[in-house]
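Protein chains: 6
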Amino acid sequence: MILHVSTWPEIERFLSASKTVIIPIGSNEQHGPTGLLGTDWLCPEIIAHAAEKLAAEQGEPVLIAPTFNIGMAQHHLGFAGTISLRPSTFMAAIEDWVMSLARHGFERIYFLNGHGGNIATIEATFSEIYARYSYRGEVCPFALKLTNWWDLSGIAKMCSVMFPTGHGSHATPSEIAITYAAYPDQVRDVVPDPKIAPNGPIREAADYRARFPDGRIGSDPTLASIEKGQQLIDAAAISLLKDAARFSAEPVPPKAVS
Amino acid sequence: MILHVSTWPEIERFLSASKTVIIPIGSNEQHGPTGLLGTDWLCPEIIAHAAEKLAAEQGEPVLIAPTFNIGMAQHHLGFAGTISLRPSTFMAAIEDWVMSLARHGFERIYFLNGHGGNIATIEATFSEIYARYSYRGEVCPFALKLTNWWDLSGIAKMCSVMFPTGHGSHATPSEIAITYAAYPDQVRDVVPDPKIAPNGPIREAADYRARFPDGRIGSDPTLASIEKGQQLIDAAAISLLKDAARFSAEPVPPKAVS
Amino acid sequence: MILHVSTWPEIERFLSASKTVIIPIGSNEQHGPTGLLGTDWLCPEIIAHAAEKLAAEQGEPVLIAPTFNIGMAQHHLGFAGTISLRPSTFMAAIEDWVMSLARHGFERIYFLNGHGGNIATIEATFSEIYARYSYRGEVCPFALKLTNWWDLSGIAKMCSVMFPTGHGSHATPSEIAITYAAYPDQVRDVVPDPKIAPNGPIREAADYRARFPDGRIGSDPTLASIEKGQQLIDAAAISLLKDAARFSAEPVPPKAVS
Amino acid sequence: MILHVSTWPEIERFLSASKTVIIPIGSNEQHGPTGLLGTDWLCPEIIAHAAEKLAAEQGEPVLIAPTFNIGMAQHHLGFAGTISLRPSTFMAAIEDWVMSLARHGFERIYFLNGHGGNIATIEATFSEIYARYSYRGEVCPFALKLTNWWDLSGIAKMCSVMFPTGHGSHATPSEIAITYAAYPDQVRDVVPDPKIAPNGPIREAADYRARFPDGRIGSDPTLASIEKGQQLIDAAAISLLKDAARFSAEPVPPKAVS
Amino acid sequence: MILHVSTWPEIERFLSASKTVIIPIGSNEQHGPTGLLGTDWLCPEIIAHAAEKLAAEQGEPVLIAPTFNIGMAQHHLGFAGTISLRPSTFMAAIEDWVMSLARHGFERIYFLNGHGGNIATIEATFSEIYARYSYRGEVCPFALKLTNWWDLSGIAKMCSVMFPTGHGSHATPSEIAITYAAYPDQVRDVVPDPKIAPNGPIREAADYRARFPDGRIGSDPTLASIEKGQQLIDAAAISLLKDAARFSAEPVPPKAVS
Amino acid sequence: MILHVSTWPEIERFLSASKTVIIPIGSNEQHGPTGLLGTDWLCPEIIAHAAEKLAAEQGEPVLIAPTFNIGMAQHHLGFAGTISLRPSTFMAAIEDWVMSLARHGFERIYFLNGHGGNIATIEATFSEIYARYSYRGEVCPFALKLTNWWDLSGIAKMCSVMFPTGHGSHATPSEIAITYAAYPDQVRDVVPDPKIAPNGPIREAADYRARFPDGRIGSDPTLASIEKGQQLIDAAAISLLKDAARFSAEPVPPKAVS
Ligand code: NI
Ligand code: NI
Ligand code: NI
Ligand code: NI
Ligand code: NI
Ligand code: NI
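Chains as they are written, first to last, in our numbering: chain A, 7 to 264; chain B, 7 to 264; chain C, 7 to 264; chain D, 7 to 264; chain E, 7 to 264; chain F, 7 to 264.
I should point out that these hints are in silico values taken from the structure, not numbers from a laboratory.
Wrong hints could be hidden among the right ones.
Any copy will do: because identical chains look the same in the list, a pair fits if it lies in one copy or spans two.
Under the rule of at most 30 Å between Cα atoms (straight-line distance), these lysine-lysine pairs were calculated in the DSSO-like manner [unchecked claim]:
1) Lys-201 - Lys-261
2) Lys-261 - Lys-25
3) Lys-25 - Lys-151
4) Lys-261 - Lys-59
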């Protein structure tokens, strides 16, 4: 069930069967000379929508929220097309998404993330949200979970087999393959130079551009292909459903309020 | 040119020809028993992407940013599936989008809006952004513009002809028609009761739900059809291109810095 | 009843008869070569105090709060004497005024506004305040209303008769006339050049000063006179009392809390 | 020169002769059974306007900004009619006033304060404003000064002679006398009980109302009279002009930027 | 009892006997050519720990929280080693300390302050915290108190006897003596020039450094000695225990909630 | 060199030899029935001060800032004595520490962290700080680094040898051993039940206390001893010096400003 093409009575009915919602979250930022700017939000969206389709076919619908498409990408601002939130803004926005969904009765809010640079801020936001309850000694009526798509069960292994060298950590062949599989008319044939990009620390945008002239970190995106992308999507969709089901079924201990 | 399926070098090239970017912006909120929750962000996205296609065919490409899909919908929070930002969060996020795009050299940033409840906050944000420069006596290197799709030239008239009664102001047949045209498998056949919804002031969510039990305001969404939606999209896309072109060509007076 | 020359027990007694308070709100900003810097807060103050006097004479007292005299005027900062709040500050301050008055039991809080540049931010603030309740599923115990004095019943028509040309939109003859009527020793005899000021979009302060060299937009303030000002005050005071009475009497639907 | 009944070209001319502006600042809060709610902002306004008149007569005009009429009065919120800003809001608003005035070239910004509860927050705000420059190693182009009217030279002594007992610290006969002198038709004849109010610490509003049932602290406001008020105004006006002149003439050391 | 070398069950037990906690709070900032950068947080820490030891010996334990070591020192940022919070940050942090301790049941939270520049911001923060309750008409379950160590009973007199001239107001011989007594291997033998430092107003860091070239204000720190420091510590520790005991025993009036 | 027992001229001299400063950062929170509340800030302080002593003996002084002793511990607020900052407050405070130190010319700011719950927020803060420069296209004049003491070279291995079972992740025998080594009179002899604590996810404080009744996660703190603590301190001090030296020596690429 895709939230944004549903009506409110349909969501209300869904809530009588399940209290879980999955939010694809990513970033819109440069992905080297051949990667799409939307890569990091397209990947979780593609996987989540594939999972939704699978679940519907299996008669156990899951609910996918709209994609949270702009994240924390300050270090990529030296490259045209990147759009970033400051961490403090990102936190406020995630809070509002969560408090809106919690208002309707969702008790398990699952973020499927597509951008490494988002992780710290999302986790800090979870603490900021829980803290509202912790200072007041109240029970929080929902649980939050963050999973990166590349950490879904089986994916890391599949990537290491597919891309034994040149996977790198930004503009990776795996993420680019996923977008190519979903948008086959967007494949770029440029061969970057050097073929495998350099590595280094991540700081402000000017430093980043000086260290990583075409934007990639450690990757050889020419290894990406539509076929590999489809394999990753298929595997990730299955793992996502399992992971979300585990999260939905996780028991909560009896809590005392002080 | 769709920003999120472009690469950064492509955007850099685009910037040597044009300094204008169009951002579809809306809201994810209840639209009555037959309207999609995404209606208000889908409409400007649909129109902007139609315009982009038209412009590409005409050899005068325009650039469409990712859709800003969550806006200010606090009054709809009594209905499942609504996701809202607080105005203060919304402002911070718009600021970050603008400052990111301005960083790359965009000088005309055009928001195509799909939600009446967004207008005040977007305009307040424009002032907040301009104020950064005004307090320092600096020239702002970009101009901001907000247009609601229903205010595009010719659209209001077309709506009044299509829907002489029962247009209303929320979950209107015009916006629902646009989504039906773009998502023909999402047409809902429910007939709401009463056929034309009541009117009244907009306050907090509890008050809203008490006044507007199924979420609609003044509208009869059964008047929507795929055909009417397509007509609206076609007309709006043409008007959007003209309006954006006017904005791009608008001369800026010589400014003194104090 | 003027709040700031009342005592707290007097306000407590007023509250047993009425739950409505009227707040004049405006801005302190340049009004061209002949308009007073205080014009936009003096106008609503003058009208509200005239209405208060009228109501007292009629034995149906209304309560006028102190004037909120600094608003959102970032675009006027290129002209000496302008004092502006950033929209975000303006929002926080309006929230605190409202939460203070609501604390005492006021249920209808009516802002009589004198500055077009305030509208978006005030409306965004209303949403910010209502949102406190909407996210929690609570009923908001008060209603907020914004009326610009020039939108009071009968005023626009009176202005178009008085000033068929040269009314414009900033430093207008109508607002200047009102201040001249209230402060007859402050009439300025300067004739601006050109007599009718130019029009254009409003952006940051440097852009504003470049477009509107003496500060006016589209207006010929030499049309203002003490007599016209008094007519406007008299008419607006009557309309304000009617509008506030309607607001006070407006029924609230039974609300469910979720 | 009263800023809000001046035009911007007049302020621009004033700036060629003086860089100093005086801002009356206070609070709108309960002042016991006989004191006006506006007492704390009316007092500095009355004194500043008296000083302005005197200065104009002496041919050495001073400039008085609009009155900052709502301050930090959270502890008085248990009494009807009190309007308070949170300290954080108060800080943001003072910052915006200062940055607006500094934008026009004012170099000495003098706050004449009428409310003890404002002092800490105003001083914290001065540090917040200076800190903008201190972190960047920049020279701040203006100096800020806070003076309470009761600390103006000669006033404390005059009060101790006029009110040897029963002056107290809130709803004092001196401040009430000043408002009675300026608003002689607003004298209240109520005799509070007990005649001299209790003393104690100041905390939240519920605690305050429990300790100080009618709002006063340590004062006997029946000692106030129009005559005493006028004496205080006359003396304070003279002292204010001297204090502001000293501040205007204070030399600034040569500053190095790092 | 020193909180940070206690376990949580020990603090829980302490709370069954006492609801009071003492927080040493200061600043880390230049203290002239001979004073330690930590002077302003070391002094209250030294005194509080001495008091704790004394109380333990007397069988009436008091609880000392960790030291809040960074305060509001923007004006000292022109001197290496100074670390400052902006007032707004300082306020947020104090709020969080207080709300954490209040969460555990502490009802009397006593700040022993070592830095004059902190006073305004700490007091503003107390108001910000109380305001949370005052706007809602709630009773605040705790009381806050700020005492500067030099205002403890008997200390000012002792200082005036020890240092009849050259005490000054920053990098004073009294505070330096206290640190020397606690850190006898950190005595500096430099003789500053001039021996007694100049006086003047405090503004931004650039202005401060121009007025006070070596950082001191009005002081002659060569008057400090280990012996005098020890005397001050001993006296202050005794006074602190008395002052905290009075605060703990202070009755709270019955409060009505509105 | 310990910053807080140094004078500002000494720090100025240090800066002519080195631009690196090390900040111990941790948290004050429950550490089970036998761990000290200060454990997480004491550990990095103990290690950093041991390293400082070693470096001084080797004639290559390093500079240690005061300890940042309160961090992000919202989940521990159900246990008495825990003091936590909200993530948003923590971020603001870290920003101010960094901007203060950067103001003096420090170019490498190294945080030695003692609390796992701090990591996400510290990293998010680094991005917030870098973003100031990235949006403006400016070069950031300093680099930031976060290292947890347990990630220092050799420590994890030493822990796994010392504590093959029962190390766990909160109130671990390694961190408790370090505090016991430094504060030998603070060893607690309580044997917790069960000996090895349970594991689980970390959410709000009420949930935490329900899952982890005595506060520990997965650990058996009875394995801690003074001897093991000393070994860990010695090894960590050496590794810290190496890691900080590497960071100080790290070359920065030539950066272009856009
Ligand atoms: Ni990526
Ligand atoms: Ni809509
Ligand atoms: Ni106006
Ligand atoms: Ni007063
Ligand atoms: Ni000091
Ligand atoms: Ni720990």
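Checked hints:
1. Lys-201 - Lys-261: Classified as between: cross-chain Cα gap 23 Å, same-chain 55 Å, threshold 30 Å.
2. Lys-261 - Lys-25: For Lys-261 and Lys-25, both the intra-copy (19 Å) and inter-copy (25 Å) Cα distances are at most 30 Å.
3. Lys-25 - Lys-151: within (14 Å within a copy, 37 Å between copies)
4. Lys-261 - Lys-59: neither (36 Å within a copy, 39 Å between copies)
Checked against the numbered hints above, the structure violates only hint 4.
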